Amino acid sequence: MNLVDSHCHLDHKQFAGDIAGVLRRAADAGVNYVLTIGTGEGPNDLDCALRIATQYPGVFATTGIHPHDASKADAASFEWMRTLSHEEKILAIGEIGLDYHYDFSPRETQSQVFCEQLKIAREAAKPVIIHTREAWDDTLHILREQWHSRPGILHCFTGTPQQALEAVEMGFYIGFGGVLTFPKSADVREAARTVPADRLLLETDAPYLAPVPHRGKRNEPAFTAITAAKLAQVRECSVEHIAEQTTRNFRALFHLPHPKLNGYTEDSHGDR
Numbered sequence: 215m216n217l218v219d220s221h222c223h224l225d226h227k228q229f230a231g232d233i234a235g236v237l238r239r240a241a242d243a244g245v246n247y248v249l250t251i252g253t254g255e256g257p258n259d260l261d262c263a264l265r266i267a268t269q270y271p272g273v274f275a276t277t278g279i280h281p282h283d284a285s286k287a288d289a290a291s292f293e294w295m296r297t298l299s300h301e302e303k304i305l306a307i308g309e310i311g312l313d314y315h316y317d318f319s320p321r322e323t324q325s326q327v328f329c330e331q332l333k334i335a336r337e338a339a340k341p342v343i344i345h346t347r348e349a350w351d352d353t354l355h356i357l358r359e360q361w362h363s364r365p366g367i368l369h370c371f372t373g374t375p376q377q378a379l380e381a382v383e384m385g386f387y388i389g390f391g392g393v394l395t396f397p398k399s400a401d402v403r404e405a406a407r408t409v410p411a412d413r414l415l416l417e418t419d420a421p422y423l424a425p426v427p428h429r430g431k432r433n434e435p436a437f438t439a440i441t442a443a444k445l446a447q448v449r450e451c452s453v454e455h456i457a458e459q460t461t462r463n464f465r466a467l468f469h470l471p472h473p474k475l476n477g478y479t480e481d482s483h484g485d486r
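Residues in the sequence shown are numbered consecutively from 215, following the working numbering.
Hints in this document: simulated from the structure, not taken from any laboratory. Take the hints with a grain of salt, since some may be wrong.
What the hints assert, rightly or not - Think about it this way: if two alpha-carbon atoms lie no more than 27 angstroms apart in a straight line, the pair counts; the simulated BS3-like pairs of lysine-lysine are:
1. K333 - K286
2. K303 - K333
3. K227 - K286
4. K303 - K286
5. K431 - K227
6. K227 - K303
7. K398 - K431
Note that this is a predicted model, so its numbers are computed, not measured.
Please work from the sequences and hints to get the whole structure.
Written out as C-alpha cells, the structure is:
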C-alpha cells in the first residue's frame, strides 16, 4: 500500500530521539509521505518542521501560528513566515484557524492572526491547513471572505456531514484521523461516507488522538494504516482503494510525484 499521513507533529517532544524509528515504522506500514506541521512552540519556532523535513526525502513541512499562540505573534513572526513559505519543502501554511474551546488567545486576536496568515498563503500561492474547534461559523465566514475557493485541508475533522460538505464546496479536502475509530464518533463516520472520494485525506495528528486500539497511547504515522482500514469499512470498499485514492488526492493537492517506497533514509536522494 501507498499511504500518506497528511498531518502529524514530528517535532513534538514525545518523538525526541525516535524520529528515524518512527519513519521506519511508517514505511513498514506503507506510509510513504508524511507532512509534519510547523507550529511548534509558537511564533519563535516556525521552522521546527522544516528542520526535520530537510533530513528526510519523504517528509514535507508546513509553517504556521496555531490559534492557541495567536497572542504571541508580531510583525517579525509574519515576516519570518513569509520567508519560510518560499522554501521548497514547505507545502502549506498551517495549522491556522480559530479555537474557541480553550480561548488561550483572545478571539479577536485569533481572527486577526488567522487573516494575516491567509494573506501570506495567498502571496506564496500555498494551500492552508485549517484548525477549527467550536468556531465553525466564524471560521467559514473568514474563509469565504478571504480564501475564495483556494485549496486547503480541514484537518482532524470532527464535525457533521453537512459541515464537511460545506468545506468541500469551498474547495477543501477533509482530513480524517484516529477520531474516525472512536465509538462515539458516529457523525464523523457519516461525514466520511458523505465526502466525495477525491476530497478525502488520511492523517494521524500524532502524537495526539491515537486510533483504537491504541487510544490513550502515543500516536505515530504508522497508525495511518489503521484509520485507512476504518475508512475502507465505513465506505464499503477495499483498504487498497482508500490508500490509492487518498494518496492520489494528496499528490494532486500539493503537485507531488509518485512516492518512492521506504524513502525516509537520510542518505537517499530527494524525490521532487
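Quick one, are K431 and K227 close enough, alpha carbons at most 27 angstroms?
Cα-Cα ~14 angstroms, so holds.
Given pair status - K303, K227, alpha carbons within 27 angstroms:
Status holds; Cα separation ~22 angstroms.
Taking only the CA atoms, is the gap from K303 to K333 under or equal to 27 angstroms?
20 angstroms, holds
Quickly compare the C-alpha distance for K303 and K286 to 27 angstroms and report which way the hint goes.
25 angstroms, holds
Is K227 within 27 angstroms of K286, Cα to Cα?
21 angstroms, holds
Checking one constraint from the list: CA of K333 to CA of K286, max 27 angstroms. Satisfied?
Holds - the C-alpha atoms of K286 and K333 are around 18 angstroms apart, at most 27 angstroms.
With a cut-off of 27 angstroms on the C-alpha distance, tell me whether K398 and K431 pass.
18 angstroms, holds
Of the numbered hints given earlier, the model fails none.
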